[in-house]
Amino acid sequence: MFLKRISRAWARAELAAAAALAVAITGLILTNVVTRAMNNSIFWIDELAIYAMIWMAFLAASASLAHRDAISVTFLKEVLPAPAARWIDIFVDVVVLGFALAMVHFCWRWFDPIDFARAGFDVIAFQGATFNFIYSEPTMTISVSKVWVWMVMPLFALGATLHAVANLVARLSGAETAEAIPLPGDRP
Amino acid sequence: AEDFRLGLLTPPQHMWTLAANSFAEQLAEASGGAHSVEVFPARQLGNEAEMLQLMQTGALDMAIITVAEISNRAPEFGAFYAPFLADDIAHAGRILRTDETRALLDSLPGTVGVVGIGYGMAGLRQIVGRGPLESAADLDGLKVRITPFEPIRDFYVALGMAPTPMPLPDVYDALANGQVDAVDMDAEIIWLQRYSDHAQTMLETNHMMFPAVALVSARIWAGLSEEDRAMISELLGAAIDSTIDSYVAQDPVWLADIAGTGITYTAVDADFFADATAAWDAIWSERAGDTLTTLRAVADATRE
Amino acid sequence: MTAAVFGLLLFGAVPIALVLVISAIWYIQSSGNEVLFDSFAQQLFAGVESYGLMAIPLFMLTGELMNEGGLTKRLINAARVFVGGFRGGLAYINLLANMFMAAIIGSAASQIAVMSRAMVPEMEREGYDRSFAAATTAAGGLLSPIIPPSMLFVIYGVLAQVPIGDMFLAGILPGLILGAAFCAVITAIGLARGFPKGGWMSRPEALRALRDCAPAALIPVAIVGGILLGIATPTESAAVASLIAFLIGWLLYGEIKLSHLAEVFVRTAKNASLVIFLVAAANVFGLVIVYEAIPQQLAERLSALTSNPFVFLLILNVGLLLIGMVLDGISALILIGPILLPIATGIYDIDPYQLGVIMCLNLVLGLLTPPVGAGLYIAAAMSQAKPTDIFRELLPFILVVMVVLVMLSYWPAITTALI
Ligand code: NA
Ligand code: NA
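Protein chains in written order, with my numbering: chain A, 100 to 287; chain B, 3 to 306; chain C, 6 to 424.
For reference, chain A alone in the conformation it holds in the complex (with noise of 0.2 angstroms):
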């Protein structure tokens, strides 16, 4: 399945990332510890550590919707009967669609890309219009503009509607059977 095929791949692409940026903060908090006991510590670390953790949380969190092993209440599911727990399992797939579906509005509401367009990219003239503040915010210590952390917000949107699609249209055709393609890090 073509769009099955996708997800995964992008879910692949988001672990993977999501890895990196572990190994990012605990590389970040290990140079904290060291140039502190050296009396040289380096402001901006903590703020910058802190935002790999929210990254890394966001893009995982999106791949464990593609997978379907966010942490869940499933005892009613393991008490009925097989086809009802079937409907059980399309319910989630469209809840989970409708929430990212809702997360994408929210981002959109957010950065306003079209009216930012109409403002001429021009902040000032933006925030003007539209009192949305969104790309004057400051980082505190990292001297970039927030709003590019920020851009983990839709890429999670975006990412969870894409693999919210994939599998419910894999479970609506009944191609479920396929899900099982092991990706590093699965549980045995």
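These are calculated hints, taken from the structure and not from any lab test.
Treat the hints with care, as some may be off.
From the structure, some residues in chain A lie toward chain B, with a derived Cβ separation under 10 angstroms [said to hold, decoys possible]:
id: 1; residue: R107
id: 2; residue: W109
id: 3; residue: N138
id: 4; residue: N139
id: 5; residue: I141
id: 6; residue: F142
id: 7; residue: E146
id: 8; residue: I223
id: 9; residue: Q226
id: 10; residue: N231
id: 11; residue: F232
id: 12; residue: I233
id: 13; residue: S235
id: 14; residue: E236
Residues from chain B shown here face chain C by an in silico Cβ test under 8 angstroms; the list is partial [as the list claims (entries may be wrong)]:
id: 15; residue: P14
id: 16; residue: Q15
id: 17; residue: G48
id: 18; residue: Q55
id: 19; residue: L56
id: 20; residue: G60
id: 21; residue: E206
Glycine included, every Cβ here is placed at the ideal spot set by N, Cα and C.
Chain A is fixed; fit chains B and C with the ligands onto it per the hints.
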């Protein structure tokens, strides 16, 4: 009739929160019960950056926050943090009550999306150290905890220190376990959080004022009648202004309390910091422009 | 209506994080506060913008590397030297290891994640029921925020304006009492059920076990020492510990293959993201609840019921237990702490340390109670046991926590004696 929400960082018994509560009561009374204000203390609606963002969207109506957070978005407000702008806490209060400082608030709707109603106060900044601090040379190379905003960072960089931004909840532990060597803080918190447990030295420096500002969301403001605007300006303005008197009265008491803990307590002045003030001015006369000149003039005019 | 949507989604097996987010969206829509949608995605992000949360992936990484490198195995093997021959020895080892880890980790959720992966397979191998093993581990995780260091105590200390160091002291006696009580539960269950009996090691075996574990013991030493000596924050200690675990597992024990390292980091990222995403979701859910001033109304009703402090605390325990069922501990504390504090300390003259320990213990208990119990589901995910089975095995532990809570409510001295 409107149901307003007002957010702040401070805990329920704190002066700012009490001022907010009294504003809530007065507005309800003055509007004959038409308007109400629900106060959300203790960062229930998020930290100052988050509250500002909520106000920008209009989800939060009002807030009392530090000018520091504003200065991250409107650099001219960094001028309030000019080292030794105010001689003492009473002088800081007089500076905040001039028309010139009030006029600075006029730019806020355009730059930050909020309407500034008036100023309040949170004491003056002091330095607490884990080890002995006898001269500015002792500060060199030390890690100092700061509130994360640029003017204060530049001051400590000028002193050769390593400023470490850190949220308030982490400070006590950081001081206890040596994660930082010194802390930049006001007398109230130094006393209430008992930093003297883990610090040897208290420098009464009064090196920086730490104003607060009462804000209304510009989106909400645009939808209010002239009459409501006047009522809110007057009552919220008076409430936030009352914190200035509270701090002028209370700050010396806290300082005496701290001195009474047996900590090595030294009062120092601008001379202690040698060239740091000049270095700071060089950066901020650029960034804060005319505002710094204005505030220095205001400070001279209100000096007693 | 929002409650119905919440229940439908929750029992409909929708991921819990999404249940919280969608309920929040639903409530915003139905209460006409659509203005919150403008900052919704931003609030989701802001909810996890916290330095302390980084301890979660780092402690998980340490756990992964300790498992992968054979450190956990050797530590448990060494503990077997002391209590392994007793009936139920491994269950006691689990509890002792948990108490020890509690002195290292500040968050119950991360401790449950780390310890489940380490202890449950071991216990299962020795013939324990998997759900019981997971339940013992999850209960042990409750010690994490009570025995210092503790993220909850830090947050509470700030809310209540009490020194965090003293708050930590307040947790020590209750934590030890809780540990002893759990020990009694395990003994009772062992008597009723008959635990697998381990064998004592021969002297050469025992000596070898102790020698083998000596380098692995560096990890807790690094973490505890790092924090106590003030060299590092808990987050940094975790990073240092992960580095040490890696070096020992790779160079000394020769069990970590560099080719497996990528998998270790993928697993860390996946497992940590489950927790962090849940915290993010709990935060937007919490924001909506606060925004509607629901905790205030709840607290007002509570204070109208009695004037006796002990009765008030008992009511508070029940209320917090209910709140803990549907909210994550940290967000629940942030939501109701500021409301309850003035009532408890002002009207009932309750000691703020006593109140703090009671609130925090109640709210971490909520991690183990359905329908929303992150700890329960983390234990389930890590051990591959069913949450319902784990919960059934947890009931005796939960009952014991309630008894301890009543003791804490009745005798303030348990919390204040060491301060
Ligand atoms: Na702990
Ligand atoms: Na719960």
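Now for the hints, and whether the structure bears them out:
Taking 10 angstroms as the C-beta cut-off, the interface hint given for R107 (chain A) is violated, the closest approach to chain B being about 36 angstroms. Restraint check, W109 (chain A) versus chain B: the minimum CB separation of about 30 angstroms is more than 10 angstroms; hint violated. About 5 angstroms separates the beta-carbon of N138 (chain A) from the nearest beta-carbon of chain B, less than 10 angstroms, and the hint is met. The restraint placing N139 (chain A) at the interface with chain B holds, with a minimum CB-CB distance near 7 angstroms, inside the 10 angstroms limit.
Of the supplied interface hints, the one on I141 (chain A) holds, with its beta-carbon coming within about 9 angstroms of a beta-carbon of chain B, less than 10 angstroms. Interface restraint check: F142 (chain A) against chain B, minimum CB-CB distance 6 angstroms, threshold 10 angstroms, status holds. At its closest, the beta carbon of E146 (chain A) sits 8 angstroms from a beta carbon of chain B; the interface hint therefore holds under the 10 angstroms criterion. Hint status for I223 (chain A) relative to chain B: holds, with the closest Cβ pair at about 8 angstroms, below 10 angstroms.
Given hint, Q226 (chain A) at the interface with chain B, holds; its Cβ is 7 angstroms from that chain's nearest Cβ, closer than 10 angstroms. With a cut of 10 angstroms, the hint placing N231 (chain A) at the interface with chain B holds, because the nearest CB-to-CB distance is about 7 angstroms. The beta carbon of F232 (chain A) is positioned within 10 angstroms of a beta carbon in chain B (closest approach about 5 angstroms), and the interface hint is therefore held. Evaluation of the I233 (chain A) hint against chain B yields a held restraint, the C-beta minimum of about 9 angstroms falling below 10 angstroms.
Proximity of S235 (chain A) to chain B holds as hinted, the smallest CB-CB distance being about 7 angstroms (cut-off 10 angstroms). A cut of 10 angstroms between beta carbons decides the hint on E236 (chain A): the least distance to chain B is about 7 angstroms, and the hint holds. The closest approach between the C-beta of P14 (chain B) and any C-beta of chain C is roughly 5 angstroms, which is under the 8 angstroms cut-off, so the hint is satisfied. Of the supplied interface hints, the one on Q15 (chain B) holds, with its beta-carbon coming within about 7 angstroms of a beta-carbon of chain C, less than 8 angstroms.
Checking G48 (chain B) against chain C by beta carbon gives a least distance of about 6 angstroms; that is within 8 angstroms, so the hint holds. With a cut of 8 angstroms, the hint placing Q55 (chain B) at the interface with chain C holds, because the nearest CB-to-CB distance is about 6 angstroms. Checking L56 (chain B) against chain C: minimum C-beta separation of about 6 angstroms stays under 8 angstroms; hint holds. Taking 8 angstroms as the C-beta contact cut-off toward chain C, the hint placing G60 (chain B) at the interface holds, the least distance being around 5 angstroms.
Annotation: interface hint on E206 (chain B) violated; nearest CB of chain C at approximately 22 angstroms, more than 8 angstroms.
Checked against the numbered hints listed earlier, the structure breaks hints 1, 2, 21; every other hint is satisfied.
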